[in-house]
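There are 4 protein chains.
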Amino acid sequence: MTTQLTLIQIDNYGPWTVTPEPRREMDLQTMQSRLFADIAQFLGSRGGYVFFSRFDNMIAVTNGIGRAGHTALQETIRNRYPVTVSLGIGTADTPAVALDEATEKIQAAGSAQDEGRTEVLAGDPLDSDDDSTVHIAHFDVNDATGKYTDQLNEFDSFIHIERSYASLMEYMREAHGALSFFVGGDNIISVCPSLSPDDYQAAIDHVESDAGVALKVGVGRGETAHDAGYAAKHALEDCRYEGTSVEFDQPPATTGDD
Amino acid sequence: MTTQLTLIQIDNYGPWTVTPEPRREMDLQTMQSRLFADIAQFLGSRGGYVFFSRFDNMIAVTNGIGRAGHTALQETIRNRYPVTVSLGIGTADTPAVALDEATEKIQAAGSAQDEGRTEVLAGDPLDSDDDSTVHIAHFDVNDATGKYTDQLNEFDSFIHIERSYASLMEYMREAHGALSFFVGGDNIISVCPSLSPDDYQAAIDHVESDAGVALKVGVGRGETAHDAGYAAKHALEDCRYEGTSVEFDQPPATTGDD
Amino acid sequence: MTTQLTLIQIDNYGPWTVTPEPRREMDLQTMQSRLFADIAQFLGSRGGYVFFSRFDNMIAVTNGIGRAGHTALQETIRNRYPVTVSLGIGTADTPAVALDEATEKIQAAGSAQDEGRTEVLAGDPLDSDDDSTVHIAHFDVNDATGKYTDQLNEFDSFIHIERSYASLMEYMREAHGALSFFVGGDNIISVCPSLSPDDYQAAIDHVESDAGVALKVGVGRGETAHDAGYAAKHALEDCRYEGTSVEFDQPPATTGDD
Amino acid sequence: MTTQLTLIQIDNYGPWTVTPEPRREMDLQTMQSRLFADIAQFLGSRGGYVFFSRFDNMIAVTNGIGRAGHTALQETIRNRYPVTVSLGIGTADTPAVALDEATEKIQAAGSAQDEGRTEVLAGDPLDSDDDSTVHIAHFDVNDATGKYTDQLNEFDSFIHIERSYASLMEYMREAHGALSFFVGGDNIISVCPSLSPDDYQAAIDHVESDAGVALKVGVGRGETAHDAGYAAKHALEDCRYEGTSVEFDQPPATTGDD
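Protein chains in written order, with the numbering used here: chain A, 1 to 258; chain B, 1 to 258; chain C, 1 to 258; chain D, 1 to 258.
These are computed hints drawn from the structure, not numbers from a lab.
Identical copies look the same in the list; a pair holds intra-copy or inter-copy alike.
Pairs of lysine to any residue residues, derived as SDA-like cross-links and limited to a Cα-Cα distance of at most 20 angstroms, are as follows:
id, residue 1, residue 2
1, Lys147, His160
2, Lys105, Thr84
3, Lys147, Asp100
4, Lys147, Ser111
5, Lys105, Arg67
6, Lys147, Ala108
7, Lys105, Asp150
8, Lys147, Cys239
9, Lys147, Ser245
10, Lys105, Leu121
11, Lys147, Asp11
12, Lys147, Arg117
Please take these sequences and the hints and turn them into a complete structure.
And the structure:
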């Protein structure tokens, strides 16, 4: 088993946002963003990655972080925020399968809007003798500044980025069970199973024909999300210097080697 | 003139993120989210709204906030972050037109990746005797928790929300020059010109047939984004209690009255 | 009346920190510091100053900030923190008298550890036609880096700074009803009534003989704490360049002129 | 060797605060407090403690945190703040001796206001086979709410707390080489060598006669600051229930056993 994913769900958040009456939107935005930032620091300094996805539900890659780390995260949030979080952990070669497991563990404990269901911690992290290999692909848009940011109004630039993201996220999910997240600017990070350079080229070709946006991608792997993601960033820099569209930080894995 | 928009652009951000070599992704995520949160607090406590859009470029509704407020925002960011921001201000009845103006003002001062272009403040806020009317529509998904969050894995829930957002953002932009932003959970906020209930129903119908997701919407207006947005939240609560799909906090404007 | 002070008290904080059992100290430190930072941003961007004093009780100079601003501060804290705050407002020429009034207003509503006493907002801000003049004195230690930081271990440097602070705070409180706060490094800021250069020189002489630490001071006045404090910082820079120990940003007030 | 201390020094901070001209005080306060809060989270979630002392110089107890953790802290600050930090590490049975070593390591690399001296990392953490024992004493004031907070104005309450702190910090430093820090409310935390109940009673007696304030203390020990500090908090709760003034979480060490 390779990827360990954690679903982070704010407990009973929807009702809280409108009780006793709707709360100021900018306070909600501030609270959500800072909660995400704190989780990013907590997990990030332990080699993990977290993506904000819907903010009330976040998805984290937590290879290398055990049960004690998860409990500590719940505790520090409870001590500093007006909300609490439930955590579900899943592990599998295919990220979507790991997330299925993580999500089911939380769902089994009750609805996201069940007042009595708080601070669930369900599912099992990898054992220290399990294989831990994460594959991260870091995509960006070719010359986004020159083609969009410096040419169009910001919303229209954003529409192009958003289209490429919507197209890529659905393609990678369906073709490979990979999970893709927009992380700001013109950057998309995908948590992937082991894929070939041709698989990545096909994804790029799909987005170009479907959404009209040209992407490139750097791919890395490692024992933690940070290791894999950092290798992917270096590979993406290689694309920039070489003018190529797919680069691996190390030779792609032969089938079955991890 | 009604809507006042401010484009907030981090100066030369792309190059900074990879200089001297790529920075840790979770540090970038933390920095971006906290910068957004601080801007949300600064503008939000003055009646404004800000949306993170691409994080390196954010779009704010700033009716009621003048030049001094914009300068103060630039100063406090410079004093506390490793980056600076440029601001462009535009005003128009149609949000997309206001954003065109705001964006052009910044673009005229140089590229987003021009090292010498920092802390631009361009464009003019509304005068105190100008009409200031903001229209905000707050959409959400009908029973998102029951249909998605408690049923599907989190990424697949997110795909549905994302599809509805992509569909709505493009429709509202093209049909009305409105700017729509995902704000977390199953919520989308649109900054709109004056529109009729039929216009909103048509948007909802479009998303249902295009993306298969059922939305409802509360609409408000006011002198500031907060006033309009807060009225919209109350109208959305009315939808919830009445089982309706479009509610205005007050009778929709007769053509031409604002 | 000149100085407007606001006492900010976290409601029922002591019991919360040990319920249901003691909370992690570093979480408490984080929560307190961020709450203070958020209040500093909120008030600071409106011309106010806040000092952390005991963290569970903070003292703010709020000239220019009315009832609506105070209510907005309470709302944004309630929406984003696990605690709430009560606010008491007092106004007087002498800061200690203003604080007496502010404190009594909160005490009259119940004990700081009364569970039922939350979000008190008591006392009256200055009217817009009242005189609003704040006097701020900004002290620092002569050559603190050369004499302490680069010579002693950090705790022993800190002991010298702390001694000078303890000596100054008691002297200024007793002699003039002024309120003095350590603000980091070797800096102390005093909120003062109208005082003469001789009064300040006497304070510096007292600290030198009592605690053996040589201070200098810049003094400013203005309609808000920021205006006065910023003028004081410039006056302190004048001390640095001139080698003097007391500088006023403008000629000291003739008795009675404000 | 038992206690491992890290001195955290913001590089060239004084000059930065007034370049090119003085920065807004509330921005400095916000930046300092958030930097402290981030360090508290980073070290705290690894079992460490940090005290803000002068804010531009902070003192941390870092038993259990190695060189890699220190480097990671420097990196995340550099990526998110406009300032950088230097770190000096020292280890000894007596906290003041450990801090001497930590401070000398940084001073040897240059002045705190030397522009060219940035991100020093000097000194050696404990080896994994060294003894790691931290002693933490958590003091508070008997009935501070009833005697001070609910009776006096906030500044006068603060003066009493401050007096007790000044008295205790100097006594513990001179008598035992212990380092004591005010942590908010009526709480003081001391990092101590191994001391007897009589030693603590003598400290309390000294403060009562010197400053007129009655303290009590809980004492704990552990392999990390958090373990020791958490035990101390529980012991302090014991004082509260028993009405005693000195409690150890476990029987005090026989001389020489750690």
